[in-house]
Amino acid sequence: MDVGLFGQYVANGLMLGVIYAMVAVGFTLFFGVLDVIKFSHGDVLTAGAFAGLATYGGLQALGFASPAVQLLIILLVAVAAMAFLGALIAKYLVLPLRTAPPLNTLLLTLMLGAALRECVRLFYPQGANPKPFPRLLPQDAVALGSFTLRLDNVLLLLGGLAAIAAVHFVITRTKLGLAIRAVAQDAETARIMGIDFERVVLLTFALGSGLAALAGIMNGLYYSEINFSIGLLLGVIGFSAAVVGGLGNIYGAILGGFLFAGLQTVGAVLLPALLPQVPSAYKDVFAFAAVIAFMAWRPTGLIAERTAERV
Amino acid sequence: MHNCVPRVFWAAALAAALALDAGAAKQTVKIAYIGPLTGGVSANGIGGRNSADLAVRLRNADPKAKYRYELVSLDDECKPNIAVQAATKAASDNSIIAGVTHYCSVAAIAAVDTYHKFGFPAVVWGAVLPDITYRNNYAEVHRVNGTMINQNDVAAKFMTGLKYKRWVIIHDTTDYGKGHDKYFTEYLTKYGGQVLGRFGVTADQQDFTAELTKAKELKPEVIYFGGLTPIGVRIRSQMERLGIDAVFEGTSGIKSDSYIDGLGKLAEGSLSFIEGAPWEKLPGGLYFIGKYAQQKYDQGPEAYGPFAFTAAGLIMDVIEQVGPNRRKVIEELRKTRDKDSIVGKISFDDHGQNVVPLITKYVVQDGKWVVWEDSEYASGRRKLK
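Taken in order, these protein sequences are the chains called A and B. Anchor point for the first sequence: position 35 equals 35 in this note's numbering, and the numbering is continuous, going up by one each time. Anchor point for the second sequence: position 346 equals 346 in this note's numbering, and the numbering is continuous, going up by one each time.
Derived from the structure by calculation, the hints contain no laboratory data. Model, not experiment: these values are computed from the prediction. Even for Gly, the Cβ is constructed at its ideal location relative to N, Cα and C. Watch out, some of these pointers could steer you wrong.
[Unchecked claim] Derived contacts from chain A toward chain B, CB cut-off under 8 Å, selection only:
#, residue
1, Gly63
2, Pro130
3, Ser146
4, Thr172
5, Val269
6, Pro272
7, Leu275
8, Thr300
9, Ile303
[Stated by the list, open to error] Derived DSS-like pairs: lysine-lysine, alpha-carbon spacing no greater than 25 Å straight-line:
#, chain 1, residue 1, chain 2, residue 2
10, A, Lys131, B, Lys117
11, B, Lys66, B, Lys291
12, B, Lys265, B, Lys291
13, B, Lys64, B, Lys79
14, B, Lys281, A, Lys131
15, B, Lys30, B, Lys163
16, B, Lys117, B, Lys79
17, B, Lys345, B, Lys163
18, A, Lys131, B, Lys265
[Unchecked claim] Listed next, with one range per pair, are the computed distances between beta-carbon atoms:
#, chain 1, residue 1, chain 2, residue 2, range
19, A, Ala54, B, Gly323, 46 to 56 Å
20, A, Gly57, B, Lys385, 42 to 52 Å
21, B, Lys296, A, Pro125, 15 to 25 Å
22, B, Thr88, A, Ser66, 45 to 55 Å
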C-alpha cells in the first residue's frame, strides 16, 4: 500500500472518529453528571440534522443564497433547538426518575428515542426516504498522488475537533464547568455549597444535545445525505465508544470514538484481504467483537473513571 | 289506520330502489397490490401502486367488464419480514383473489412461500431475482418483468464492447445484490472483462469510504454496483469525495428519478440496465402515459410502472374469463401465451416467468435517464470516462 492510500484511510478514519467522538462525549457528559445513560441521544442527533435540513428549506424559500450564511443559521437553529430539547428531556423525563432504579431511565430514553425516530419518519415530509443534504462547504479538492484532500473534509474535521475542544474548555475552565464537575462528584455537597443542581443538570443536557445536533449536521455535510435512522447506529457506536473509553471521562470518550472508527476501517480493509469469502459488510461485526474482547480485558474502559476526575 | 298507507308506500319504494340498485351493481372483486410504499425505494413502489390503480380504474370505467374491481394496497417496505406479513394479510383474506406483488427481490423471494401455502395467485411486477420464479416450481407465482440474468448478460456484453476491461464490483449482501454479483461476474468473464475486487456491503450502510479507498487502490475503469438507489446514491457521492475517476455502472435497481434527485450533477454518466423499454418505445407506452397523466397522480409511474399496470390488467383479464376463483385464476394465468400488453407480448414459461427478450440501456445525461442509443454518449459528443 502506498503512502497516499494509507493517508486516505487515516483521513477517512479521522472523519468517522470525530463524529463518533462527538456522540460519545454527549453520553459521557450525561453519565458523568447524573449517572444516567440517555439512549435517545442518537435520535436527538437525527432530529438535529432534520431541523437543520428544514431550516435550509426555509432559508431557500426566503431567498438567502449565501452558503456561509445558510450554514451559520442552520447550525444556530439546529443546535439551539436540540439544546432546548435536551433540557426538556432532562427536566421532564430524566430528573423526575432520579430516585427510581437507573434501568427505568434507560428504558424511558430508549423508548423516547424510538418515538423521536418515528416522529421524524412520519411528520417530516416524506420522512421515510433518504434526504439529500445541501453541500454548503467548498468542494475544492487537491489530489496528492492517490490521496485526495478535500477542503470540506478538512473544515469538517477541524470543526468537529474545535467543538470537542470547546466543550472541554467549558468543562475545565469556566464557572459552569466547575459547577458541572462539582455536581458530578457529589450532588449533595454541591447543593450545600449553593450550586443550583437542576440548572446545572439542564445545562449539561443542553450542552450534550447541542453537540449531537452539530454532529448530525456534520454527518449530513460529510455524506450529503441524511435519513431518519442515522441516529440508531451512531447512538450505539457513540455509546460503545464512551464505554470503551471509560464512561464518565471526556478524554476516554474522544479516544473511544477514534478507536472505534479505526477498528471499522481496519475491519473493512483487512477482513476481505485475509478471508476472501467474508465481505467488508462484516466490519461492524469485527469492530463490536473487538469492543467486547476489549471490555472483557479492561471492564472499566481505557481510562478508568476515578470519582475525582469525573467529566 | 290512515297512517299505514304512506308507510307501506315508502317501504315498497325503498325495496324497489334496493332491488334496482342490486340488479345494476356488479360484484366487487378485490385484488392486492404489494410494494414498497415507504422507505428508500418508495418512489418506485408508489409509481407501481399508481399504475396498478390506473389499470383498475380503466377497467371499472369499462361498461363491458363483468366485475367491479377494488385495489387493496399494502406496504412491504422492501423488507422480507414486512413482505411476509403483507403477503399473509392479502392471501388470508378470501375476498382478495390475486395480487400484483413486489418491486424488491428480497421482499418477493421471502413472500413466495406464503403465496404457495395459501394458493394465492401472485404476479410479480418489478423484482428481478431469478430465484423468485426459478427456485421453486410454485404454480401461484408469475412474473411479467424479466430477470437479472438477461439484464447482466446485456450489461456485460455492452460494457466490454465499449472496450472497458477492469471492474470493481460492489454489491449489497441481500439475495438481490448477491444475484447481481453472481450473474454479472459470470457474463463479464465470458466476454473477457476482469474483476479486480468485490465488496459485499450491507443494504443500509452509510459509510463506504474504506471499501472505496481499497477500490481506488485497484484502479478500476468501472465500478459496478449491484444494489438499490439509496446506497447507490451514497456510493456514487463518496466516490467523488475520494477522487475515484471511474464509470459508475448500476443495474435496474438505481433506475429511478430519486437517484438523480439525490445526486444532482454527480449522477451524470451513471449507467443502468433494465428490462422492457421506455414508455415511448413500448407498444402501448403512449396510451399508458396518456391515461396516467389524466389521473393526476402526484408521482410518476417510474421505470416499472408499466409492468405493474400490465400485471394488474392480466389478472383482471383472467378474472373476467374464469371468475373470481383463485384456483381457476392460477390455472388460466399459467396458460398465458403471446398475450398483447403495453410492454409487448407476454408468454409465461413452465415457471410462470415471462420470457422478455428486451433490455434497455440507460445513461444519465443532463439530469435525466436517457436511452443509450439516443444519448450524446453514444453519438460520441460526450465521453463516459
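Structure-based check of each hint:
1. Gly63: 20 Å, violated
2. Pro130: Interface hint status for Pro130 of chain A: holds (5 Å vs cutoff 8 Å).
3. Ser146: Since the shortest Cβ distance to chain B is 6 Å, the answer is holds.
4. Thr172: 32 Å, violated
5. Val269: 6 Å, holds
6. Pro272: Nearest chain B Cβ about 7 Å off; hint holds.
7. Leu275: 12 Å, violated
8. Thr300: Thr300 of chain A check fails; min Cβ-Cβ to chain B is 29 Å, beyond 8 Å.
9. Ile303: 26 Å, violated
10. A:Lys131 - B:Lys117: 39 Å, violated
11. B:Lys66 - B:Lys291: With Cα atoms ~22 Å apart, Lys66 of chain B and Lys291 of chain B stay inside 25 Å; holds.
12. B:Lys265 - B:Lys291: Not satisfied, since the Cα-Cα distance of roughly 32 Å exceeds 25 Å.
13. B:Lys64 - B:Lys79: Violated: Lys64 of chain B and Lys79 of chain B sit about 39 Å apart, past 25 Å.
14. B:Lys281 - A:Lys131: Violated, at roughly 32 Å.
15. B:Lys30 - B:Lys163: 51 Å, violated
16. B:Lys117 - B:Lys79: 20 Å, holds
17. B:Lys345 - B:Lys163: 34 Å, violated
18. A:Lys131 - B:Lys265: 16 Å, holds
19. A:Ala54 - B:Gly323: 46 to 56 Å: 52 Å, holds
20. A:Gly57 - B:Lys385: 42 to 52 Å: Since the Cβ atoms of Gly57 of chain A and Lys385 of chain B sit about 34 Å apart, the hinted range of 42 to 52 Å is violated.
21. B:Lys296 - A:Pro125: 15 to 25 Å: 19 Å, holds
22. B:Thr88 - A:Ser66: 45 to 55 Å: 54 Å, holds
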